[in-house]
Each structure stands twice: as C-alpha cells, then as structure tokens.
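Starting from the given sequences, assemble the full structure and let the hints guide the process.
There are 2 protein chains.
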Amino acid sequence: MMKQLALSRVYQLLEPGPVVLLTTAHKGCANVMTMSWHMMMEFEPPMLACVVSAGNHSFAALRASRQCVIAVPGVELAATVVKVGNCSGRDVDKFAAFGLTPLPARRVAAPLVAECFANLECRVVDTRMVKRYNLFVLEVVQAWADSARKRRRTIHHCGYGRFVVDGEAIRLRSKMR
Amino acid sequence: MMKQLALSRVYQLLEPGPVVLLTTAHKGCANVMTMSWHMMMEFEPPMLACVVSAGNHSFAALRASRQCVIAVPGVELAATVVKVGNCSGRDVDKFAAFGLTPLPARRVAAPLVAECFANLECRVVDTRMVKRYNLFVLEVVQAWADSARKRRRTIHHCGYGRFVVDGEAIRLRSKMR
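Chains P and S supply the protein sequences, listed in that same order. Start counting the first sequence at 23; every next residue gets the next number (my numbering). Start counting the second sequence at 23; every next residue gets the next number (my numbering).
Bear in mind the hints are in silico, worked out from the structure with no lab data behind them. Here the structure is a predicted model, which means the values were calculated and not measured. All the pointers check out, no bait thrown in.
It does not matter which identical chain is used: a pair holds within one copy or between any two.
27 angstroms max Cα-Cα, derived DSSO-like pairs, lysine-lysine:
id, residue 1, residue 2
1, K49, K153
2, K105, K197
3, K49, K105
4, K197, K153
Below, the structure written as structure tokens:
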C-alpha cells in the first residue's frame with residue numbers, strides 16, 4: 023500500500039502547508055506530535071526546516087536521535103490529529119491511545135504512521151538553530167506514499183482548533199517548479 | 023479598508039501555508055515575488071522564516087534593505103500570482119505590468135499590495151542562515167488586514183502550476199494555540 027515516492031516529489035506534499043505528524047523513537051519509546059511550523063528549504067535532496075518547541079516531549083527525542091518521520095494525514099484524521107496535539111508523550115502512548123499504527127521505517131528508527139497517506143523518513147542535518155529558535159533542518163532520505171489514494175485532501179491549521187480543508191484544485195500556466 | 027491587525031493574530035494567516043507575495047524596495051525600485059517557502063517561528067512578536075533563492079532579483083534587495091512586506095493574496099489573484107512568479111524584476115516592473123497597486127507601508131520602505139487582503143510589514147532580524155540556506159528570519163512589525171473581507175480563501179502551491187484552494191473550514195476542540 024505504501025509505495026516509494028521519488029524524493030524529487032516530496033516538496034509537492036509539504037509546500038502547500040498541511041498539518042503533519044512528527045514521529046520520533048528514543049530509548050525504545052515511539053512518540054508522535056502534531057506540527058504546522060515547517061517549510062521546504064531545498065527541492066532535491068529534499069530539505070526542510072521545522073520548529074519543535076523545547077516544551078514538547080518530542081524535542082529531546084528529535085535532538086538526541088537526530089531522526090524523525092513526518093507523516094501527512096488526510097482530513098479523515100483531523101480529530102485524531104487534534105487529540106495528538108492536545109496531550110504529551112510524557113503522559114500518554116499516543117499510538118495506542120488514538121489508534122495510530124506504527125510501521126517500521128527503512129532508514130530511521132522513528133515509525134511510519136500507517137493511517138497517513140504519506141510518510142517521510144528524515145535525518146536532522148543541522149542543529150545550529152535549535153538553541154536560539156528550536157529550528158531543526160531535516161533531510162528527507164526516504165519517502166512513501168499510499169498509491170491507492172489519488173486525491174489527497176489535507177488540513178491547514180488557522181489557530182485555536184480552526185482548520186481549513188483542501189478544496190478545489192486549479193491549474194495555471196506556471197514556470198515555477 | 024486596510025485596518026491594523028493585532029500582531030498576536032499574524033500566525034493565523036501564515037500557519038496554513040498560503041502562497042504569498044513578498045515585496046521589497048531597493049535603490050528606489052519596488053519589486054514583488056511569489057513565495058511558498060515560509061513558516062512561523064514565534065507567535066509574538068511574530069517571527070517567521072522564509073527561503074528566497076539567491077537567483078531571485080528580490081534576494082539582493084531583501085539582504086541589503088533588511089525589510090520586506092509579505093502580502094497574502096486571495097484566490098481571485100491566482101492568475102496574477104503566477105504571472106508574478108513567471109518573470110523577474112530584473113526585466114519587468116511587476117506592479118505596473120500586472121496591475122498591482124503599491125501602497126506606502128508604515129514601518130518599512132517596501133510597499134503593501136492593495137489587492138491583497140493582508141499585508142505584513144517585516145524586518146530581517148537574522149541573516150546568519152542566508153549564506154548557507156538562503157533562509158531569512160523576519161519579524162513582523164506591523165500588520166494590516168482588509169476588514170471588509172471576512173472569509174479569506176487562499177491558494178496553496180502543489181508544484182508545476184497546480185494549486186489547491188481553501189475549502190471548507192472545520193472546528194475541533196483543540197488546546198493548541
């Protein structure tokens with residue numbers, strides 16, 4: 023069901039700005055958090071930046087393990103995405119609590135999320151902005167997408183539990199990659 | 023028509039990941055580019071990161087002037103946004119060529135874009151990641167929003183001229199700001 027996705031296409035998943043899940047594995051514990059503060063930095067190899075607050079349980083795991091998976095949920099997971107964001111891995115095994123299925127990744131210890139239509143295995147390649155900004159630079163080293171799902175409607179966070187869902191798609195004559 | 027927007031609400035405009043316009047003013051010339059690689063870094067004062075390729079005409083202006091405006095276009099400007107992205111300020115006065123109206127900003131030399139429903143006056147506060155990543159850290163020092171337009175449908179770039187337009191809005195019980 024999860025097929026390899028060409029790394030050259032990764033930016034097409036993240037550039038639209040969807041809410042994503044970030045998974046980590048540290049000291050034998052897998053965790054997952056909700057994240058919206060991310061952006062692409064390079065097409066290929068795909069690199070992105072994300073801000074993970076030092077207050078998040080995932081922060082220490084990400085900094086120590088230098089690996090994560092960014093999983094892209096469709097709108098059908100919106101309620102789960104909010105539940106994941108409403109609690110901390112300090113207190114809860116979120117995979118078990120919210121019915122998310124961890125799958126082994128190929129290149130990192132952090133798990134893929136079976137319910138998400140795309141999963142991006144990432145390595146932390148620059149931590150120099152972590153102390154000042156909680157900003158991690160990631161390289162996507164392996165990408166997976168659910169070949170069964172063609173149209174992928176994602177959600178975008180507008181603050182305080184308000185989300186906008188992907189609507190119509192339009193095509194315009196653009197020279198922009 | 024453009025009313026001041028509380029700086030505490032700026033993230034609600036950018037966190038959903040819309041395509042934006044970035045304006046600069048340098049040596050008496052105003053320019054505008056299309057940008058999707060941006061993310062919030064802090065709620066308040068609102069700080070964001072953006073990647074502006076060194077190949078863009080705006081790059082030198084942004085680095086030298088350390089100021090810009092990020093203008094948020096609604097879907098009705100989609101065709102104009104693509105035209106802006108398809109050419110360079112080296113060759114074209116894009117404001118004149120594409121019927122965009124520059125308005126004086128309050129705190130920066132770069133112009134607001136009258137046709138956009140929100141305009142964010144920004145100062146460059148950190149250039150340490152410019153050389154390596156073309157990454158600028160911006161602080162929003164003044165924000166404006168069109169009080170006349172309630173529902174604001176933005177566009178999100180999926181690559182090669184494909185855009186997804188904001189669809190339905192949903193509300194969920196979230197503890198996330």
